[in-house]
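Using the sequences and the accompanying hints, generate a full structural model.
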Amino acid sequence: MASTVKSLKNQHHQFADPFYQLQVLQQPVKQGETFPAFAEQLLEHGLYPLQPTGTTILQVNVGKMCNQTCKHCHVDAGPDRKEIMTRETMQHCLAALDNSPQITTVDLTGGAPEMNPDFRWFVQEICKRGRQVIVRCNLTIILANKKYYNLPEFFKEHRVHIVSSLPYFQASRTDAQRGDGVFEKSIKALLMLNEAGYGQENSGLMLDLVYNPSGAFLPSGQKSLEAEFKRRLKNGYGIEFNNLFCITNLPISRYLDYLVNSGNYQNYMQKLVDAFNPAAANNVMCRNTLSVGWDGYLYDCDFNQMLELKVERDRPQHINQFNIKQLDDRNIVLNQHCYGCTAGAGSSCGGETVK
Amino acid sequence: MENSYYNPADLAKFGNVTEFQPEMGRKFFDYYGEVFKEGALTEREKALIALAVAHAVQCPYCIDAYSTDCLQKGADETQMMEAVHVAAAIKGGAALVHGVQMMNKVKELSM
Ligand code: SF4
Ligand code: SF4
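Residue numbers (full-length UniProt numbering), protein chains in the order written: chain A, 1 to 355; chain B, 1 to 111.
Don't read these hints as lab results, they were simulated from the structure.
Hints are not guaranteed to be accurate.
Said to hold, decoys possible - Cross-link-like lysine to aspartate or glutamate pairs, in silico, DMTMM-like; alpha carbons within 20 Å at most: (1) A:230 / B:45; (2) A:30 / B:45; (3) A:223 / B:45; (4) A:271 / B:10.
Unchecked claim - Some chain B residues flagged as far from chain A (calculated, every beta-carbon gap over 10 Å): (5) 17; (6) 21; (7) 27; (8) 28; (9) 38; (10) 42; (11) 50; (12) 56; (13) 71; (14) 74; (15) 89; (16) 93; (17) 96; (18) 101; (19) 103; (20) 110.
Ideal Cβ placement from N, Cα and C applies to all residues, glycine included.
Dropping the structure here:
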């Protein structure tokens with residue numbers, strides 16, 4: 001789907017600058033008052049400095065190019081983004097896997113990861129190494145071009161675990177966040193995935209959906225929302241899926257721009273801070289996941305990647321220096337956006353973190 | 001005293017009512033928390049009922065709180081507006097059904 005909306009980067013927008021975003025996150029909101037530092041909250045609960053519990057997931061962002069330009073996108077992805085991981089960097093990722101048997105899962109994200117010309121090769125190579133592949137598939141990519149129509153079959157062949165965003169079971173809120181016509185195409189793509197066996201009982205082909213709020217509010221009640229999504233998608237369209245993950249929108253990039261420009265920033269941050277949950281803080285995903293950028297640099301998570309906060313300075317910085325022992329012995333780089341991971345029942349790429 | 005009866009910032013201070021009477025306040029909030037937990041009704045259904053009642057009692061704090069809560073619990077706009085119509089229908093119906101009482105009285109007094 002061609003999108004005419006430009007990324008913040010190509011609008012030369014101030015929120016495209018990670019340094020500016022961090023400044024906004026740290027500046028006083030009223031009369032010199034700032035939100036309490038995230039690190040201090042962790043310190044109070046005996047969790048600072050925050051360290052990994054052991055990396056088992058490598059999340060690889062294979063590029064910022066995407067066929068959509070969603071309003072909330074923390075990657076600032078879009079058709080106009082040209083940053084794409086090279087095969088050489090992928091080879092370094094594979095070498096890292098060869099040296100790190102404790103990494104059981106490779107989570108491929110983007111942009112639309114399928115738009116990377118070496119995407120299929122990379123998936124095949126990871127599978128040869130016996131690791132589970134997760135693909136964060138935006139659904140509409142399957143219908144974006146003929147060359148993608150057989151993605152469901154390709155995914156099936158490699159037993160890829162699909163995780164797809166569908167912010168709502170109706171067009172209005174989905175399209176408001178992800179663009180006109182996205183809901184209808186997403187439904188078609190879900191039916192194609194179902195047809196290939198995804199989300200069907202006993203197929204072992206996992207199809208999970210991601211719900212994130214289309215607006216300045218927090219998600220709540222993953223289990224009950226999952227039941228509602230299942231009921232609505234089944235009755236309305238005959239669609240089946242496995243799990244629903246509720247993800248909180250983190251106040252960075254395009255979502256931060258939306259919050260500030262709609263006048264919702266202060267209230268939203270206050271909600272996140274008020275909902276700080278130490279149990280969620282204990283389970284944040286950066287404790288078991290490492291993130292690789294399109295250019296091979298290493299980050300504690302995809303959000304830190306977009307804020308250009310690389311892993312702690314005296315640890316390997318690039319995938320070509322990957323050393324899991326040294327990396328697992330690092331202090332995680334934190335900032336105010338981390339409040340998005342610790343609000344309420346917590347939020348991660350796998351949804352709530354507190355059961 | 002503020003120069004307005006309703007201030008949105010006061011909603012966040014609801015818990016402060018325990019300041020003047022801690023024991024009753026705490027009991028109320030414990031009960032309140034219990035009521036809104038998932039039970040025979042889902043949390044979303046309870047949020048929709050609360051939204052309807054908020055409109056019936058015309059409480060701006062509750063309308064603010066339960067509009068947000070309904071969104072958070074995944075209710076859609078149509079469900080929320082239908083809940084408000086339920087409140088309106090019951091309020092309107094409650095007024096109108098007393099028309100029977102009026103008719104009774106009129107008939108009693110008329111020849
Ligand atoms: S949220 Fe996903 S689908 Fe939407 S623009 Fe960003 S990367 Fe693309
Ligand atoms: S934003 Fe990243 S670094 Fe911060 S808590 Fe979440 S996962 Fe960890």
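Hints versus structure:
1. A:230 / B:45: Between residue 230 of chain A and residue 45 of chain B the Cα gap is close to 16 Å, so the pair holds against 20 Å.
2. A:30 / B:45: violated, 37 Å
3. A:223 / B:45: holds, 14 Å
4. A:271 / B:10: Answer holds: residue 271 of chain A to residue 10 of chain B is near 15 Å, not above 20 Å.
5. 17: holds, 18 Å
6. 21: holds, 24 Å
7. 27: holds, 23 Å
8. 28: holds, 20 Å
9. 38: Residue 38 of chain B is in fact no farther than 10 Å from some Cβ atom of chain A, at 6 Å.
10. 42: violated, 5 Å
11. 50: holds, 14 Å
12. 56: holds, 24 Å
13. 71: Given a closest Cβ separation of 5 Å, the condition is violated.
14. 74: With a cut-off of 10 Å, residue 74 of chain B comes too close to chain A, as the shortest Cβ separation is near 5 Å.
15. 89: The assertion about residue 89 of chain B holds, with a minimum of 24 Å to chain A.
16. 93: Label holds. Min Cβ-Cβ 29 Å, cutoff 10 Å.
17. 96: holds, 34 Å
18. 101: holds, 42 Å
19. 103: holds, 45 Å
20. 110: holds, 54 Å
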